[in-house]
Structures are given as structure tokens and as C-alpha cells.
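The sequence shown finishes on residue 501 if you use this note's numbering, and the numbering steps up by one all the way, no holes.
Do not rely on the hints blindly, as some may be mistaken.
What the hints assert, rightly or not - The calculated lysine-lysine pairs, modelled on DSSO-like cross-linking and capped at a C-alpha distance of 27 Å, are: (1) Lys-232 - Lys-389; (2) Lys-323 - Lys-389; (3) Lys-106 - Lys-314; (4) Lys-386 - Lys-232; (5) Lys-386 - Lys-30.
No lab work stands behind these hints: they were computed from the structure.
As the structure is a prediction and not an experimental result, all values here were calculated from the model.
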Amino acid sequence: MTEQQRNALRHPFRWLFNTEPEQPDEIPRKELASFTIGLMGQNQLYGMAGNWFFHFCTNVLHLSPLIVGRMTGIITVFDALNDPVAGALIDKHRFKDGRKLLPWIKITSPFIALFAFMLFINWNIPSTGLKVLYCVSIFVMWDVLYSFQDAALWGMTAAISNNSGQRARATQWADIGSMLGGLLPGLLLPMLSGNGAFGLTQQQVYILFATFMCLGGGFISMAALGMTERAKEIEIIKDSIWRNIGVLRHNYMLLLFLASEILRRCAPRVTDVYIYQQMTFKIGETEIPAPLLVTILVAVTGLPGTAMKFIATKIADRVGGMKRIMIISILTEITVRTLQFFIGIKTLPRFILMYSLQFFHELPNSINNIAMRSMISDSVEYVEWKTGKRTEGITMSVRNLMSKMGGAVERYIQGLCLNFLQYSAINVERGLPQNAHFHKWVWPVYRLGPVLGLVFALIPILILRYPASLKLKVESEMAERRKAGVSDQEAVVREQEAGVD
């Protein structure tokens, strides 16, 4: 054990919040802690608004799945097209203090929290058309502002350091925060068992969670303001918005990731809540809601994968790089989903065995996002090497576009699937079972449907090429350019001082 590790064990809080780096170019742990907490807040908010709004519309507002699928799909596609514009504006603008990213987090976070909270308020609007108009208006305002916050926040994975190893380290801790925040909205699943748990209606459950997840998450996300922007342009190039967007053509890694993410979502699917909400298992004389068992089993099987996040960069070195982690993750999920389909959930032992297989999927999947985001942060350096322009804003906004476009496709397809399955939210409210057609087809759609998307998603990842030799060349040449740029600036300052004298 090193002296650094011994100090961490003796004084964990002092070690975590140390403001000084222990090695050259190392990011202070206090900043990593700020980043982790900020991403935790952002993702508990997004996990609520992004993942549960569809179910709220079908089961609380009583809009048909087909209407909700079309509504959320269309407005998300429309808003996703704004993401590159938001990113280009971020790249174009500099605040008075010289910073590019962090002020956007400060400006947008309070409004994002408020609009996300308003998504889950049922005003008992009688007209279906007015309900849709309200949902569309609030969702668009939330989503547009979220474009700026998300691009700025994740842009810090590239701007926090000029060292690729330190960028990967920051991405690793950001993903840990993202994972922790994303887990919290998952507690909604057992709370929505039947028509609501602990005597609460579904509507009351949503208001409770929206208060803590949306308003609270927006406040917590501002912890990220404790970071520092270190990686800056050698020379600030003030291009137009459209020229900034045009720089994307040089970022082949990002474009391949975008294709992979959209292809992944182009498959039949339904989310957990629709299949488990009315299901129970009997243990002795006690009936246990399936959503509660799912929450427990997901937490238990996910623990080893969660632990792997802390050593993600070391695992990448062992298996041959971040790209290989992504390939392993996709192949593992295809295998696990296929086995789970044949095991089924007709009895409690089969249900437990089926979810136990998640353990094998979660091991590589837990660090899949770290791998992708680490490569995306490297792509910012690659584009600067090719064009002389840093593009944290446009790059991370397109990463946001990936999520939105994929989510739009996914929600639209889910609406079609629920319509095909003849799902009835009224039956849930009345405690009645779904129809025979639903029970016949929901399991194949739930477990096997996404496999088709995974096969498609693998193709762009296999095409991607960014070998270690090119990465090393980019990093070393950029270090020389920065050194030369600093020397030129010093020479200009000396000439100006001499002229004054």
C-alpha cells in the first residue's frame, strides 16, 4: 500500500476534500467530489423527468400510450435539433471572467429544476388537447434549457484537464455521480405497485418524488460550480454558429457514437413498470409485489458492477482500451437477454434466477458509459488537433442529442408497442388484470425486443478506429502547441512592456 493510500484510509474526508493535487497535472480531489455531487443531482432530476414522464402521462393524466408516444417522440426530436445550436452558442461565447462552461450551469439549473417539477403536476385539465399543449410547452422549456446545462456540465470532462489520463479519471467520477443520481428515481417502481404504496395514490407519489428529485436535484447539480476550467484554446477563434456546427464533420468518433445510440433504440421495447406493476409473488402467506423484488434484485446484482466503476480506467488498460469495453458490454447484454427470455418469470425461483443473470450484464455495462464519455472527451482534443478549435459545447451537446434522439425513438416505439399490447391504465387503477393478448406478447417484447437494437448498435462501434499510437501523437503535438502558444503570448507581453518603457 502506498503512502497516499494509507493517508486516504487514515483521514478519508481530509483526503477527499484536499484542494491541492499530489501529482503534477492531477485534478484536486475536491473538484472531483464537486463534479461527482453535481452529476448526482443532475441525473436524479433527469432520471425523473426523462424516464418517468411517459408513465405519468399514461397512468395519471390518462392519455393514451399512442398519443404520449407521438407527443414525446416528436417534441424530443424537435428539441434535439436545438442541441447543436446550444453547443455552438456555448463554444462561441466567453463570459467576462474568461470561462466558457461553468456559468451556464449556474444560469440554467434553477429553471431546469422548476420546469421538471411542473411536468408532474396534474391540474385536472378536462380537455385532452389542452393536456397535450401543457405537457408539450413545459417539456420543451425544460428540455431546451437542459441542452445548455448538460453540454456545459459534461463538457467539463474535456475542459478540466489537458491530460487524457486525468480526463478519464474525471469521467470515471462523473459517471459514478451520474449512476448514484440515476438510482434514486428507480425507487418509484416499488412505490407505484398496484395503484400506489402506503395509501398514496399514483398522483401523490409523483408529487412527492418530483419535489425531491426535480427541485432537490437542480439544487444539488450546482455543486459542480466548484470545478476549474483548465483546458483552453491556444487561440480563440470566433466563428459563426453554423461554422461551429460544421466542425462536427471532423469528429468521426462522435458521429459513430451517435449512429450507434440511435440504432440501439430502434427496437421493440416496454419499460419495467408496465410489466411488473400488477405482478405479485407469494412467499408463505405473504404477497410480495414484484416491483419491490425487482428493486432489491437490481440493487444486489448491480453492486459488483458499481464497484467496478472505481477501477474503470485500470480495467480498460487490461482489456485493451475503452472501445473493447463497449463491445464486450453489448455482446454480454445480447447473451443475457436471450437467456433471460427462455428462463421467464412464471415462478418465483425462475424470477430470481432470471434477475440473477443481470450480474453478468452489469459487470461490463457499468463502465460502458465511462468508456464512451472518455473517448468523447478525447475527441475534443482530436478535433482541436485537426482544426485548432476546442469544441466542448458542440461535442457534448451532440452527446445530449444522442440521448434525446434515442429517447424520442424509444418512446415513440414504446407507445406503438403498448398500443399493440392493448395496455390499459384504467385496469391498473381499478385493480383489474391486463388482457390475454398483453400477457402473451409483453415478455418477448420486454426481453428480446431490445436485442435487435443491440445488434445494430454494435456495427458503428466495430467501425470506429482511434488507436493508442494516434492518441499519443495527438496529445504530444497538442502539448507542444500549447507550450509554443504560451511562449508567443509571453513575447507579446514583453514587447508591450518594452514599448511602455
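Handout entry: Hints violated by the structure (numbers, ascending)
Key = 3, 5
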